[in-house]
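Model the placement of chain B on the given structure of chain A, informed by the hints.
There are 2 protein chains.
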Amino acid sequence: MKEENDLKLEPLSNLTMTDRVEGKLGKYFKDKGLEPGDPIPKEVEMAEALGVSRNVVREALSRFKMLGMIETKKRRGMIMAQPDIMNSLERVMDPFILSSHDRKEIFELRLVLEMGIAHLLFARSNEESCQELEKIVQREQRARSEKERVLCDLEFHSTLYKIAGNDILRRFQKLLVPIFDYELAYELKLKEKAPQGKVTHQELLEILKCGTPSEFQNGMYEHLRPHFDRIE
Amino acid sequence: MKEENDLKLEPLSNLTMTDRVEGKLGKYFKDKGLEPGDPIPKEVEMAEALGVSRNVVREALSRFKMLGMIETKKRRGMIMAQPDIMNSLERVMDPFILSSHDRKEIFELRLVLEMGIAHLLFARSNEESCQELEKIVQREQRARSEKERVLCDLEFHSTLYKIAGNDILRRFQKLLVPIFDYELAYELKLKEKAPQGKVTHQELLEILKCGTPSEFQNGMYEHLRPHFDRIE
Chain A
1 MKEENDLKLE
11 PLSNLTMTDR
21 VEGKLGKYFK
31 DKGLEPGDPI
41 PKEVEMAEAL
51 GVSRNVVREA
61 LSRFKMLGMI
71 ETKKRRGMIM
81 AQPDIMNSLE
91 RVMDPFILSS
101 HDRKEIFELR
111 LVLEMGIAHL
121 LFARSNEESC
131 QELEKIVQRE
141 QRARSEKERV
151 LCDLEFHSTL
161 YKIAGNDILR
171 RFQKLLVPIF
181 DYELAYELKL
191 KEKAPQGKVT
201 HQELLEILKC
211 GTPSEFQNGM
221 YEHLRPHFDR
231 IE
Chain B
1 MKEENDLKLE
11 PLSNLTMTDR
21 VEGKLGKYFK
31 DKGLEPGDPI
41 PKEVEMAEAL
51 GVSRNVVREA
61 LSRFKMLGMI
71 ETKKRRGMIM
81 AQPDIMNSLE
91 RVMDPFILSS
101 HDRKEIFELR
111 LVLEMGIAHL
121 LFARSNEESC
131 QELEKIVQRE
141 QRARSEKERV
151 LCDLEFHSTL
161 YKIAGNDILR
171 RFQKLLVPIF
181 DYELAYELKL
191 KEKAPQGKVT
201 HQELLEILKC
211 GTPSEFQNGM
221 YEHLRPHFDR
231 IE
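Chains as they are written, first to last, in this note's numbering: chain A, 1 to 232; chain B, 1 to 232.
Just chain A, same shape as in the assembly (with noise of 0.2 Å):
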C-alpha cells in the first residue's frame, strides 16, 4: 500500500514507442486466444487502431518474427507462428557479454543439469550408446596433450546429454558450455591443469551399464566434485 504523503506524480514511462507498442500486440494476440497458423491484422489496420506510425509497427512486429512467434506467408500475410524457445537465447548467452554474477549461476546450472539427468539417461540408454561413449573414453586414455583430454571431456559430457534424448537440454547444455569454460579458465588462471574428480569417466559408464540412476548421480557428484567444492 502506498504512503499517504507519497507525491502523486507517476514517473514518466521510459519506454520507447516501439516498447509499448510491441507491450500491446503482445498482450493483443494472447486475448485473442491466437494460435500458430492463426492470421494476425494487417500492419496497416493495426498502426491504424493504434494511432501509430506504420514503421513502429514494423519495428514491433519485427521482434515477434525474431522471436520465431510470427512469421509473413506468401499469399496469406502474416500469421501466427511456433517460436523456437531455444532460438533467443542462443543470441545473449555469450560470455563475453554476460556479468559476473549470470557466469556464476550459469556455472551452478551446469552442475545442476549434470546431476538430474541420471534418470532419462537410465531411461534412455542402450548398448549403442554405451559403445559410443567407451570410444570417447578410449580416447582419452590415448591423449597426449591436456587440450585433447579437454576435448574428450566435453565430448563424454555432450554425448550423455544426446543419450538423455531430450533436445531443448542438449542446447541448453551445449550454451552452458562456453560460459561454463570461461568462468573455470578465469578461476584457474594460470593452473596448467583443469581439476579433477575421483570418479572417472570410465567408472561413470561402468555405473551407466551396470549400476543405478542413484548410484550415477554419486558418481556424477565425485566427478564434479572441484566444482561443487567453489559452491559449499
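Since the hints were derived computationally from the structure, they do not count as laboratory data. A couple of the hints might just be wrong.
Note that the list lumps identical chains together, so a pair holds whenever it fits in one copy or between two copies.
Straight-line Cα separation of at most 30 Å, DSS-like style, residue types lysine-lysine; simulated pairs [as the list claims (entries may be wrong)]:
#, residue 1, residue 2
1, K27, K73
2, K198, K104
3, K147, K32
4, K174, K104
5, K24, K135
6, K104, K42
7, K24, K65
8, K174, K198
9, K74, K42
10, K65, K30
11, K32, K198
12, K209, K32
13, K174, K32
14, K74, K32
15, K65, K32
16, K42, K27
17, K42, K65
18, K162, K135
19, K27, K65
20, K42, K24
Just chain B now, kept in the frame of chain A:
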C-alpha cells in the same frame, strides 16, 4: 564433401533484409570484441556502410534492444548492454503456442532440475528456510480442497528453488511451471487428483534437515515417481 554431380546452384536465401542486417551487426559486435558499456557506431553510418536504408538498420537494432544487448543513453547514443538472459525466453514460454513436442521436453526438463538442485539446496539451506518450508507443509496438511493442496505443492517446490539461491534457475523453474501444469492437465484430463508419489513434502523436509543430498535425490525421485513413470 559435396558430390560431383550436385548442381552448383545454391538456394536463394529466404532471409529478409532485416534478418541479414541483424546477422551482420551481430557478427560485427562480436568481431570487434565490444563489451557492455562500449559505444556502437551511429545508425546512419551503419546504414551507409552496409548500403541499406536507415529503416532496415533501425529495425535490426530494435531487435538487439529487445534482447537487451544494446541500449540508448542520453548524450552518448547507443551502447552495448548486459542482456537479461531470461528475458527473451520469458516472452516465448507460453503453453498455448509451444508444440506438444516442446511441452513434453519441458516437462522432462523440470524433472531434471528438481533432481539436480539437491546439492545447491544443502549448501544454502538454513534454519530459517526450513521453517519456511515447515509452514507450507502445515498449510498443506490443513488444506480443505484439492486446489488449495495443489497451490501448497507449487509453493513448496518454488521455495526449494528460492533456497537453492540461484536466480537464473529460479526464473527458469518459474517459466517451466505453467508448461508442466498444462502438460499434466492434458494427460490427466478428467482425473480429479494429481498423481502423488510415496515420499511427501514433509519427508523431503526431514531429509533436508537431517539427511544427505543423495538421500534427498532418492526422496525427490520417489516424490515425483508418477511423472518419471511416464518417461521410463
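> Which numbered hints does this structure break?
Replying inline: 5, 6, 11 and 12
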